[in-house]
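Colleague: Each chain, letter by letter, is given below.
There are 2 protein chains.
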Amino acid sequence: MADLKTLIEANNEKFMACFKANDMKGLAKLYTEDCKIMPTGSDTLVGREGPEKVFSGAWAGGVRTLELKVEEVGPMGSDVIYERSTYTMKTEDGSVADAGKYVVIWKKVGGDWFLHIDIFNSNKA
Amino acid sequence: MADLKTLIEANNEKFMACFKANDMKGLAKLYTEDCKIMPTGSDTLVGREGPEKVFSGAWAGGVRTLELKVEEVGPMGSDVIYERSTYTMKTEDGSVADAGKYVVIWKKVGGDWFLHIDIFNSNKA
Numbered sequence: 001m002a003d004l005k006t007l008i009e010a011n012n013e014k015f016m017a018c019f020k021a022n023d024m025k026g027l028a029k030l031y032t033e034d035c036k037i038m039p040t041g042s043d044t045l046v047g048r049e050g051p052e053k054v055f056s057g058a059w060a061g062g063v064r065t066l067e068l069k070v071e072e073v074g075p076m077g078s079d080v081i082y083e084r085s086t087y088t089m090k091t092e093d094g095s096v097a098d099a100g101k102y103v104v105i106w107k108k109v110g111g112d113w114f115l116h117i118d119i120f121n122s123n124k125a
Numbered sequence: 126m127a128d129l130k131t132l133i134e135a136n137n138e139k140f141m142a143c144f145k146a147n148d149m150k151g152l153a154k155l156y157t158e159d160c161k162i163m164p165t166g167s168d169t170l171v172g173r174e175g176p177e178k179v180f181s182g183a184w185a186g187g188v189r190t191l192e193l194k195v196e197e198v199g200p201m202g203s204d205v206i207y208e209r210s211t212y213t214m215k216t217e218d219g220s221v222a223d224a225g226k227y228v229v230i231w232k233k234v235g236g237d238w239f240l241h242i243d244i245f246n247s248n249k250a
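Residue numbers (our numbering), protein chains in the order written: chain P, 1 to 125; chain Y, 126 to 250.
Isolated chain P (complex conformation) (with noise of 0.2 Å):
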């Protein structure tokens, strides 16, 4: 899986760099256009406003990076994959604000791997 784990790893560079850049409407481009986040304390909101509010939000909340590591992705040969990940979202200092663990489905949409599904909650009770 060595090659998907890489391709996947490249995809969320792209993502970290918008997040950074507090570029939320680029961010949710890199989701399909009917993609579904799920946050806790929400149901799940559908289409690329949801990661734009979502993403927003932890921005408004102060975090100013993302980092992501994958664990886990499967299966080759098909246009979905799951990806298994953590998340860290640290503040401006680089203090943690948050840290937890993630699932996603990438959909290839015309050549595009896209988020299409995202699933998250953070180790903190």
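Calculated from the structure, these hints are not laboratory results. Cβ atoms here follow ideal geometry from the backbone N, Cα and C, with glycine treated the same way. Honestly, I wouldn't trust all of these hints.
Cut-off 30 Å, straight-line C-alpha distance, at most; resulting in silico cross-link-like pairs (DSSO-like, lysine-lysine) [unchecked claim]:
| id | chain 1 | residue 1 | chain 2 | residue 2 |
| --- | --- | --- | --- | --- |
| 1 | P | K124 | Y | K194 |
| 2 | Y | K145 | P | K5 |
| 3 | P | K14 | P | K90 |
| 4 | P | K29 | P | K53 |
| 5 | Y | K139 | P | K5 |
Rough simulated footprint, nothing fancy, chain P against chain Y, three-plus residues with beta-carbon under 8 Å [unchecked claim]:
| id | stretch |
| --- | --- |
| 6 | 158-169 |
| 7 | 178-190 |
| 8 | 226-232 |
Fit chain Y to the given chain P structure using the hints.
Modeller: Then chain Y, alone, in the frame of chain P:
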């Protein structure tokens, strides 16, 4: 995707039946041996002790029925399926203890389907 949805729903019936019978060892056997369960407030748990612990915890907290409602399923190659669904946990008197959503990655092992990755969160903050 009608057949896939039917397949997942049939597996979820087994899951709900195990939970209702407080058979958490049986429930854990519906997961792969190296499954990952990802509850809020904890790191990812690896192996069947994870679901046994998580769902025993829900039972101890007064939950007596678990209702799963499939919203979307999709194939990834032939031996992996993703499921996006909602859950409702109810106590003995039928009141809602918690409601939320989840994503499960199902894996086919030796002809049978098992939950391989399970991540969920509450709609309540």
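Colleague: A separate judgement is required for each hint: does it hold in the structure or not?
Modeller: Hints and how they fare:
no.: 1; hint: P/K124 <-> Y/K194; verdict: 27 Å, holds
no.: 2; hint: Y/K145 <-> P/K5; verdict: 39 Å, violated
no.: 3; hint: P/K14 <-> P/K90; verdict: 17 Å, holds
no.: 4; hint: P/K29 <-> P/K53; verdict: 13 Å, holds
no.: 5; hint: Y/K139 <-> P/K5; verdict: 33 Å, violated
no.: 6; hint: 158-169; verdict: holds (count 8)
no.: 7; hint: 178-190; verdict: violated (count 0)
no.: 8; hint: 226-232; verdict: holds (count 4)
The earlier numbered hints that this structure contradicts are 2, 5 and 7.
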